[in-house]
Amino acid sequence: MNPPSFWTAWGLIARREYVTRIRRRAFLVATFLGPVLLVGVVAGLVLLNQTTEKEVKVYVADLSGLLTVEGPDGSWVPWCPACYPERALLTYRFGRESLDQDALKAQGFTCTVALDDGILQSEKAQLLQLESPPLSAKRWMERDLSQALERLKVREQLDVNYEAYLALKTDVRLVALDMETQKRQSDEQGALGFLFSAFMFAFVMVYGMHVLRGVIEEKSNRIVEVVLSTVQPTQLLLGKLAGIGAVGLTQMAIWSVLSWVLFSGMGLWLEQSAWMDSWANAQGLAPGTVDFESVVASQAELAFLLDIHWGVMLGCGMVYFVLGYALYAAFFAMIGSMVEQEADAQYLLLPVMLPLIFSYALASMTIEAPESTLAVASSFIPFSAPISMMVRLPMGVPWWHVAASMALLVVTTAGLIVLAARVYRVTILMTGKRPTLREVMRWMFQANPS
Amino acid sequence: MTASTPILHARGVAKTYGAHVALAPLDMEARKGRILGLLGPNGAGKTTFLRMVTGITQPDTGGLTLFGAPASRAHLHRMGYLPEERGLYKGMRVAEQVLYFAALRGMARPEAERALKAWFERLQVDGWWNREVSDLSKGMAQKIQFIATVLHRPDLLILDEPFSGLDPINAALIRDEMLRLVREEGTTLMLSTHNMGSVEAVCDDVLMLHRGKKVLSGGVNEVREAARRGRIRVSFAGNFMTFVAELGARAELLSHATRTEAGTEVHEVELALPDGWGMAPFLAWAVGHVEVREAVPVRLSMEEVFVQTVETATP
Chain R
1 MNPPSFWTAW
11 GLIARREYVT
21 RIRRRAFLVA
31 TFLGPVLLVG
41 VVAGLVLLNQ
51 TTEKEVKVYV
61 ADLSGLLTVE
71 GPDGSWVPWC
81 PACYPERALL
91 TYRFGRESLD
101 QDALKAQGFT
111 CTVALDDGIL
121 QSEKAQLLQL
131 ESPPLSAKRW
141 MERDLSQALE
151 RLKVREQLDV
161 NYEAYLALKT
171 DVRLVALDME
181 TQKRQSDEQG
191 ALGFLFSAFM
201 FAFVMVYGMH
211 VLRGVIEEKS
221 NRIVEVVLST
231 VQPTQLLLGK
241 LAGIGAVGLT
251 QMAIWSVLSW
261 VLFSGMGLWL
271 EQSAWMDSWA
281 NAQGLAPGTV
291 DFESVVASQA
301 ELAFLLDIHW
311 GVMLGCGMVY
321 FVLGYALYAA
331 FFAMIGSMVE
341 QEADAQYLLL
351 PVMLPLIFSY
361 ALASMTIEAP
371 ESTLAVASSF
381 IPFSAPISMM
391 VRLPMGVPWW
401 HVAASMALLV
411 VTTAGLIVLA
421 ARVYRVTILM
431 TGKRPTLREV
441 MRWMFQANPS
Chain B
1 MTASTPILHA
11 RGVAKTYGAH
21 VALAPLDMEA
31 RKGRILGLLG
41 PNGAGKTTFL
51 RMVTGITQPD
61 TGGLTLFGAP
71 ASRAHLHRMG
81 YLPEERGLYK
91 GMRVAEQVLY
101 FAALRGMARP
111 EAERALKAWF
121 ERLQVDGWWN
131 REVSDLSKGM
141 AQKIQFIATV
151 LHRPDLLILD
161 EPFSGLDPIN
171 AALIRDEMLR
181 LVREEGTTLM
191 LSTHNMGSVE
201 AVCDDVLMLH
211 RGKKVLSGGV
221 NEVREAARRG
231 RIRVSFAGNF
241 MTFVAELGAR
251 AELLSHATRT
261 EAGTEVHEVE
271 LALPDGWGMA
281 PFLAWAVGHV
291 EVREAVPVRL
301 SMEEVFVQTV
311 ETATP
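Going down the list, the sequences are from chains R and B. For the first sequence, this note's numbering assigns the number 450 to the last residue and increments by one with no breaks. For the second sequence, this note's numbering assigns the number 315 to the last residue and increments by one with no breaks.
Some hints could be false.
[To be verified] Under the rule of at most 27 Å between Cα atoms (straight-line distance), these lysine-lysine pairs were calculated in the BS3-like manner:
1. R:K433 with B:K213
2. R:K54 with R:K124
3. R:K105 with R:K138
4. R:K169 with R:K138
5. B:K90 with R:K433
6. R:K169 with R:K153
These are computed hints drawn from the structure, not numbers from a lab.
Please put together the full structure from these sequences, using the hints given.
What follows is the structure, encoded as structure tokens:
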């Protein structure tokens with residue numbers, strides 16, 4: 001029987017950390033059920049909304065005669081029928097008088113809008129509802145009435161027809177393009193970067209805390225002494241960091257794959273559903289001619305999703321997670337080795353977590369000014385780079401920024417692991433006494449402290 | 001390697017933490033196939049010494065020889081160490097955990113599984129293979145920890161309070177297995193314990209530390225004999241006051257009791273005879289003054305040896 005090599009023992013430790021964590025119920029629930037539940041809830045709400053959507057029948061009480069003219073049969077009809085397009089679940093009837101509740105009920109109306117010429121100033125009207133209309137129907141009503149009143153104003157106050165007015169009406173939109181790549185940039189890209197940085201913050205924190213708890217568990221239940229009679233403290237520390245980091249990577253990978261599967265599945269489901277046809281109708285396109293991607297592309301808020309290099313984002317995300325996690329987890333392990341229960345670690349964790357919290361707080365500023373000195377500098381500083389760079393990435397970053405930031409992070413992380421291991425190997429066996437800062441510093445910079 | 005070969009040899013190993021001397025330079029040896037009891041009050045330096053032997057910490061000065069060569073990490077897989085304060089990983093199953101430690105010591109999986117099955121039968125823990133560690137009672141966990149320590153058949157076994165938390169039946173089971181390993185497989189055992197009864201029952205040699213210093217070492221019988229310091233117990237009939245007066249400063253009177261036997265007053269005294277005045281010269285002197293009924297050397301228990309040694313060593 002020969003003793004295992006340094007790396008074989010390291011692998012065994014990492015494997016134990018990995019296996020015991022990925023089979024925990026909490027991990028399985030968070031990893032598999034989390035995204036499924038999230039998408040399930042969203043899909044369920046959409047589905048519920050579709051199946052429970054009722055017909056909305058509106059009575060418009062046009063008390064000042066702004067919207068209606070007398071029809072051939074003596075009834076009041078809109079002078080602009082085009083303003084109220086045919087919709088399956090929304091129909092209008094018009095009159096010049098208010099109807100009471102009984103009359104509305106008798107005629108099958110679900111709600112009524114009462115308006116007089118005050119609306120031209122106030123731009124407000126009352127919607128009295130017998131049954132609450134869905135939000136979408138309310139929006140359609142607002143849009144239809146606004147268009148009718150706008151036409152009225154144009155007709156009466158300007159010497160142009162409405163189409164001419166529309167042709168003159170100008171809305172300026174600024175479309176940001178990256179000068180180098182000529183790719184469109186949007187605020188949403190910044191928001192996506194913020195989302196990525198939030199994930200990064202959460203992953204580094206969650207798995208850093210796993211390391212902290214793992215070290216404290218080993219120390220407080222005294223198994224560490226048995227382990228250290230077979231392996232070196234550095235092997236134990238590195239194995240723990242690798243095993244728990246691999247759990248984080250696994251969760252990240254599963255979430256990525258699941259998100260892609262669920263997103264594609266949702267697209268397919270929408271393509272098969274009636275929603276797609278009604279969307280096509282609303283856009284003036286023939287039903288059956290559009291797919292999910294074109295829906296996304298047509299939405300100003302979502303189109304940027306198609307421009308993102310998801311592979312690059314994911315790859316960089318994983319590298320930054322590994323390095324950022326290793327950097328902070330080494331500190332967390334060192335702190336864990338100094339205490340005997342988690343509560344004692346809290347005040348020691350705060351100064352270590354500050355750069356991470358600071359870089360997360362900085363993320364919202366980075367969205368506003370991604371090229372500002374502070375944003376760029378923080379994406380190079382190893383303690384904040386994993387979060388700050390993830391904010392900048394979707395908005396386009398020169399490749400050498402990423403490479404230099406990663407290189408600095410690698411060097412710093414490696415150095416800090418060495419320093420943390422020097423403290424860890426002393427404090428992991430220390431009981432009943434908490435080391436002073438001076439002692440910690442001495443052990444850090446002393447090659448053989450034990 | 002013969003029975004006289006030291007498996008472990010320490011030459012002046014010492015350890016200090018700041019100003020605190022955890023272990024003053026220590027010389028000792030543990031011989032193959034023997035059981036060495038490591039004794040001492042709390043804080044005597046036993047754990048410090050065991051941690052150095054098991055490679056967990058390094059001595060500041062001096063050197064250790066293991067299996068005939070300077071101690072190195074390459075020797076760790078030939079040792080089994082059960083610390084006093086020990087635990088198990090709660091999120092693992094019983095067999096999985098023991099096999100993990102076996103793998104860390106370089107044991108191949110099939111061999112480890114075979115050995116584990118045999119140990120499960122021997123310690124009557126069949127059926128625990130897939131049990132969660134968190135389900136185990138303290139005594140059950142102790143048995144599993146013992147198995148994890150001996151599974152890889154270490155040449156040097158170091159057990160720190162192996163019987164704590166065990167009921168008398170399981171303590172006997174572990175003690176028998178411990179003795180079997182030593183007597184049948186030639187394992188060398190270092191047993192650190194406060195249970196002096198088990199030291200008397202199983203140890204061949206003892207090493208006692210106090211405040212980081214060696215205060216006693218040698219074979220159990222030798223140290224018990226040495227600790228007797230000429231003590232004898234004598235029963236006699238006659239005038240006690242005359243006996244004391246005649247004894248004078250020849251020997252130290254440690255205790256005295258009186259009883260009546262068939263109407264005669266019999267005195268029972270414990271004396272400490274000085275070096276050079278053994279049992280035979282004492283008896284020759286005593287029969288001239290009193291009617292000696294019985295005279296026996298006092299044999300100290302290990303507990304008495306322990307207390308006496310600590311008291312003597314404490315200024």
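Inset, instruction - Take a quick look at whether R:K169 and R:K138 sit within 27 Å of each other, Cα to Cα. - result: holds (25 Å)
Inset, instruction - Below or equal to 27 Å on CA atoms is what counts here, so check R:K169 against R:K153. - result: Status holds; Cα separation ~14 Å.
Inset, instruction - Please work out if R:K54 and R:K124 have their alpha carbons no farther apart than 27 Å. - result: holds (25 Å)
Inset, instruction - Please work out if R:K105 and R:K138 have their alpha carbons no farther apart than 27 Å. - result: holds (19 Å)
Inset, instruction - Take a quick look at whether B:K90 and R:K433 sit within 27 Å of each other, Cα to Cα. - result: Since the Cα atoms of B:K90 and R:K433 sit roughly 25 Å apart, the hinted pair holds (cutoff 27 Å).
Legend entry - 27 Å limit on alpha-carbon distance, applied to hinted pair R:K433 and B:K213: holds (23 Å)
Hint compliance for this structure: every hint is met.
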